[in-house]
Amino acid sequence: MNQIIKVIHVIPELKVGGVERVAMHLLQSPLKGVEYHLLVIEQADTDLVEKLPTHVLSRLHILNGKKHRPSTYFRAIEKIKEIAPDWLMASLWRAQPLIWMSRKENYKTVTCFHNTRFSHFLDKTATIFSLKNANYCFTDSQATAEFIRQFSNIRIEHLHHIIQQPQLTGVRKQKRLVYIGRLATQKGLEQGVQLIVALKRLKQVWHLDCYGPDEGALRKLQLMAKQYGVEEQIHFFGSRNPSEISTILAGYDYLLQPSPNEGMAMVVMEAMQQGTIPVVRPSGEIPQYTQDDHDSIWFEAVNDSLARRLINLADDDQLREKMRIRMKEKSSEWKDVCDELISILNQLHIA
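Just so we're aligned, residue 1 is where the sequence shown starts under full-length UniProt numbering, counting upward by one.
Keep in mind the hints are simulated off the structure, nothing from the lab. Keep in mind it's a predicted model, so treat the numbers as computed, not measured. Any given hint could be a false lead.
[Said to hold, decoys possible] With a Cα cut of at most 30 Å, we get these calculated DSS-like pairs of lysine-lysine: (1) K173 to K220; (2) K173 to K328; (3) K330 to K173; (4) K79 to K6; (5) K200 to K173; (6) K104 to K81; (7) K32 to K15; (8) K322 to K203; (9) K66 to K6; (10) K66 to K79; (11) K108 to K67; (12) K51 to K6; (13) K51 to K32; (14) K124 to K104; (15) K81 to K6; (16) K124 to K15; (17) K203 to K175; (18) K124 to K220; (19) K81 to K108; (20) K51 to K67; (21) K124 to K81; (22) K322 to K175; (23) K132 to K67; (24) K108 to K335; (25) K66 to K132; (26) K104 to K79.
Work out the full structure, taking the sequences as your base and the hints as a guide.
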């Protein structure tokens, strides 16, 4: 196909997060036959954009609009008409009104969904209304698609949030787990504290290093760690630039992912590419690309049994290496989100 397909992808704000990271990856990657624009209707983290080259900045549009203000959405519609896309994609609930406002336009619209639950009433309302007005829905996993099918018969395509990364080498920290993500209540990070406590009961001193922005849970986690006497073993490092994630992961033996509600769980896939063994709740799509005791450790509850599994794995160098080999073999077969988006758009654009 020789025609260039022009796409606008709308997100509410540009910050450290999985959806935003995929959007930035798409923005900075060469997409054959696709002209990808990223429209941020609210604010952007300057650390994420200040070093972008000019040819990338020309396709990044930051409106600095006020949250929930009608004027923000009218300005966004004006920008969309100025760019004149063939496709409009909207991720996260605060971007969804642009799907409703575009229902009579001549471009195709896509509502993108990335979880297996709604965060709150407004998220549910905005998403369901978009599903009634959009042409398509893109989900990051089969688990997310099954959730969406409860509410709509819209055509769903899977746009897996996979960023292929080269495996890095580094010295791995012993008896340390890493968590990378938002410090939010729904992420279940209190189970990380409980795991460190369980290991302590078994006379093991392990550490948990947490990287990510505080979204309301930090103080509670700090108090919990102090209450159980493990405050010296739980560390919070704040946000890191997404470009640093692979390097961080390569420095650990284990990734902790305790969330009971996930879609693709992108950081788990990134960990596997770096040979970092996932210690995970098997939620969302995770059971489709990991296998308990084969290339990961699954858990439903934190207890002494889980702690002993970790201790035994830490004592078995050969088993850890076997798990890393399996992860490398599996991850080498994954398709990058850029290639998948090109394939989906080419297929649907001529439909």
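Non-conforming hints, listed in increasing numerical order: Violated: none.
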